[in-house]
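*Asks:* The primary structure of each chain is shown beneath.
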Amino acid sequence: MSDAPPVAARALVKRYGEIVAVDRVDLTVERGDVFGYLGPNGAGKTTSLRMLLGLIRPTEGSAQLFGRDPVVDGAKALDGVAGFVEGPRFYPYLSAHKNLRLLADYDGGDARAQIDEVLELVELRERQHDHVGAYSHGMRQRLGIAASLLRSPQLLLLDEPTTGLDPSGMRDMRDLVRRLSAEGITVLLSSHLLTEVEELCNRVAIIRRGRIVYEGRLEELLATAGGGYRIRTAELERARMLCSAQAGVDDVRVVEGELCFQADEDAVAALSIALGQARIGVTALVPQTASLEDLFLGLTSDDDEPARATREAIVA
Amino acid sequence: MTAVARVYRWEIAKLLAQKRTYLGLGAAVVVPIIFVVVLVIQSGNGPTDVPLGRYLRDTGLATPFVVLFFMSIWGLPLITALVAGDIVASESHNGTLKTILTRSRERGEIFAGKLLATFSYTVVLVFAMGLVGALAGTIAWGLHPLTSLSGTTVPVGHSIGLLAASLAVYVLPLAGIAAFGLMLSTITRNSAASVVGTLMWALLMQLIGVLPGTESFRAYLLGTQFEAWHGFLRTPADWAPVVRALWVCSLYIVIPLIAAYLVFLRRDVAGE
Ligand SMILES: Nc1ncnc2c1ncn2[C@@H]1O[C@H](COP(=O)(O)OP(=O)(O)O)[C@@H](O)[C@H]1O
Ligand SMILES: [Mg+2]
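Protein sequences, first through last, are from chains A and B. Under the working numbering, residues 1 to 316 are what the first sequence spells out, in order. Under the working numbering, residues 317 to 588 are what the second sequence spells out, in order.
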């Protein structure tokens with residue numbers, strides 16, 4: 001396999017009539033990345049992944065996987081690549097085992113010998129002879145991973161793999177992604193969940209309305225934010241007034257019964273003394289690590305749409 | 317095994333796992349049985365207005381020919397459309413098209429596999445119907461020499477050969493209908509629309525053929541080719557309708573297939 005990066009999308013555009021689903025997207029995923037493709041619903045994540053997988057043709061631009069373009073090279077561009085967009089789909093009238101046998105035959109090579117192993121890995125061994133039509137969403141999702149692993153991929157493209165799963169299903173899926181990454185598989189994973197990307201990914205691209213608003217290392221993005229603190233106190237209103245009047249303390253807000261603000265360390269030290277002198281008892285004063293939600297606000301607040309609405313959309 | 321053969325094998329496996337396949341195949345073999353039972357119950361002679369109808373009770377070998385005539389109007393076109401109209405559309409609908417298109421097979425290979433499976437189904441339909449018709453007829457009326465359309469007597473062995481040849485040319489127009497169904501299935505992505513559309517196409521071809529004023533091009537309509545086997549049952553054999561069926565049906569097969577192929581190669585596979 002060549003030295004080309006697992007994913008290299010350049011100025012990718014997909015238009016559906018008036019709608020620009022994906023708007024000049026550049027993406028580079030390096031070997032070993034767990035790359036988070038983060039954006040709210042309708043941002044263009046699935047459309048981007050469809051172009052990577054060769055399911056749809058870009059209106060403009062190109063996408064390459066290990067240096068091969070699906071539009072030019074067809075199925076060969078998917079050598080060493082596996083994944084699914086939206087929910088993985090199977091023949092409902094065939095058993096899981098038979099579905100995998102079909103896909104293994106489509107792949108050729110020794111894929112067939114690995115069916116038992118991958119079914120074991122996703123814990124579907126016991127139900128392998130049931131028709132997929134009788135499978136739950138979570139089981140289908142896991143079968144989707146099994147089907148992908150049959151290809152012994154070096155790159156895994158997963159479109160919102162935890163969407164629709166219950167909390168334990170989500171945990172299992174994330175554990176699986178971590179395990180596969182530890183085995184050396186490069187992963188590109190789309191998500192509308194900030195926490196998920198934060199938990200799993202080392203690099204991210206944030207997409208909104210078809211456009212990339214940030215691409216880079218997660219730590220770097222996290223480092224640009226910070227300086228947030230919160231205070232828990234019984235005298236919320238007095239504390240709020242004091243904070244608002246305090247020099248070096250900005251952006252004072254009440255969030256879920258706690259006082260949040262921005263300040264540097266010296267200002268926080270001064271504030272704690274001032275609170276003591278004002279006889280305001282504090283049960284907690286803690287620095288807040290910036291979440292991706294905050295970052296998203298910062299990245300998109302200069303946009304036309306109110307940032308607050310976006311925040312709600314992305315948290316939803 | 318070549319790639320196309322592998323895809324083909326699984327297309328057959330999918331067909332064998334689906335109810336509609338058996339529904340169609342079942343209908344194709346039940347119709348001649350019902351036909352024979354009904355004719356056994358109502359005595360007399362006939363149907364006299366149908367080729368070989370007059371000799372129906374003379375030998376079981378006449379049964380499949382008469383059934384071929386009746387089934388060409390809408391029976392077999394419908395059964396063929398049921399599978400051909402579904403073979404791509406159902407995968408679009410179920411989302412499995414994206415599943416198989418993200419494996420190591422080229423789109424062209426998948427299309428070829430589907431095409432071969434559709435044609436195989438068509439061949440099986442016709443021959444199953446012919447075989448069951450001949451068996452049911454033989455049980456009812458025995459195995460005797462057939463009277464040809466020219467009035468000559470054809471020995472049993474030779475008659476069976478003529479039946480096989482007739483079934484084979486009968487497959488051609490049906491394959492034309494299957495190709496049309498495959499095209500609609502690929503373009504519309506909607507199974508029901510494709511089945512209905514294909515049946516309408518087949519009926520239209522029949523309808524135009526019986527309208528007055530269409531004599532000049534009647535020989536080149538798809539529906540007309542369902543009668544090409546008559547050529548085999550004349551003495552001496554009349555090859556003209558058979559040869560014409562060969563090339564006319566080729567056009568009715570190839571043109572929709574090219575359209576379907578080009579669409580399948582390039583189309584966006586998105587949504588359900
Ligand atoms: N096949 C299609 N036809 C028309 N519009 C589409 C199609 N697919 C996606 N879109 C539109 O493109 C935009 C991006 O959709 P999508 O890529 O599915 O977003 P995401 O996966 O991030 O939720 C949406 O506005 C969606 O309505
Ligand atoms: Mg999506």
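It is worth saying that the hints were derived from the structure and are not from the lab. From a predicted model like this one, the values you see are computed outputs, not experimental measurements. Heads up, the beta-carbon is just placed ideally off N, CA and C, and yes, glycines get one too. Where hints are given, some of them may not hold.
[To be verified] Partial pick of chain B residues on the chain A-facing surface, computed with a CB cut under 7 Å: (1) Thr318; (2) Arg322; (3) Gly411; (4) Asp584.
[As the list claims (entries may be wrong)] Some chain A residues flagged as far from chain B (calculated, every beta-carbon gap over 10 Å): (5) Leu55; (6) Ile56; (7) Gln64; (8) Leu103; (9) Leu176; (10) Gln262.
[Said to hold, decoys possible] Label pairs and their computed distance ranges (CB to CB): (11) A:Arg24 with B:Val439: 50 to 58 Å; (12) A:Glu219 with B:Asp584: 34 to 42 Å; (13) B:Asp584 with A:Ser136: 26 to 34 Å; (14) B:Arg560 with A:Lys76: 23 to 31 Å; (15) B:Gln334 with A:Ser136: 18 to 26 Å; (16) B:Ile476 with A:Ser136: 49 to 57 Å; (17) B:His409 with A:Ser136: 53 to 61 Å.
*Asks:* Does each hint fit the structure? Answer for all of them.
*Replies:* Results of checking the hints against the structure:
1. Thr318: Violated, because the Cβ-Cβ distance from B:Thr318 to chain A comes to roughly 10 Å (cut-off 7 Å).
2. Arg322: holds, 5 Å
3. Gly411: Status holds, d = 3 Å.
4. Asp584: Hint on B:Asp584: holds, closest Cβ of chain A at ~4 Å, below 7 Å.
5. Leu55: Non-interface label on A:Leu55 violated, nearest chain B Cβ at 4 Å vs cutoff 10 Å.
6. Ile56: violated, 4 Å
7. Gln64: A:Gln64 clear of chain B: closest Cβ-Cβ about 16 Å, beyond 10 Å.
8. Leu103: At roughly 6 Å from the nearest Cβ of chain B, A:Leu103 sits no farther out than 10 Å, so the non-interface label is violated.
9. Leu176: holds, 19 Å
10. Gln262: holds, 43 Å
11. A:Arg24 with B:Val439: 50 to 58 Å: Since A:Arg24 and B:Val439 have Cβ atoms about 51 Å apart, the given range 50 to 58 Å holds.
12. A:Glu219 with B:Asp584: 34 to 42 Å: Holds, since A:Glu219 and B:Asp584 (Cβ atoms, about 38 Å apart) stay within the stated range.
13. B:Asp584 with A:Ser136: 26 to 34 Å: At 30 Å between Cβs, range holds.
14. B:Arg560 with A:Lys76: 23 to 31 Å: violated, 43 Å
15. B:Gln334 with A:Ser136: 18 to 26 Å: Holds, since B:Gln334 and A:Ser136 (Cβ atoms, about 23 Å apart) stay within the stated range.
16. B:Ile476 with A:Ser136: 49 to 57 Å: Given a distance of about 55 Å, which is inside 49 to 57 Å, the answer is holds.
17. B:His409 with A:Ser136: 53 to 61 Å: violated, 21 Å
Consistency with the previously given hints fails for numbers 1, 5, 6, 8, 14, 17, ordered from lowest to highest.
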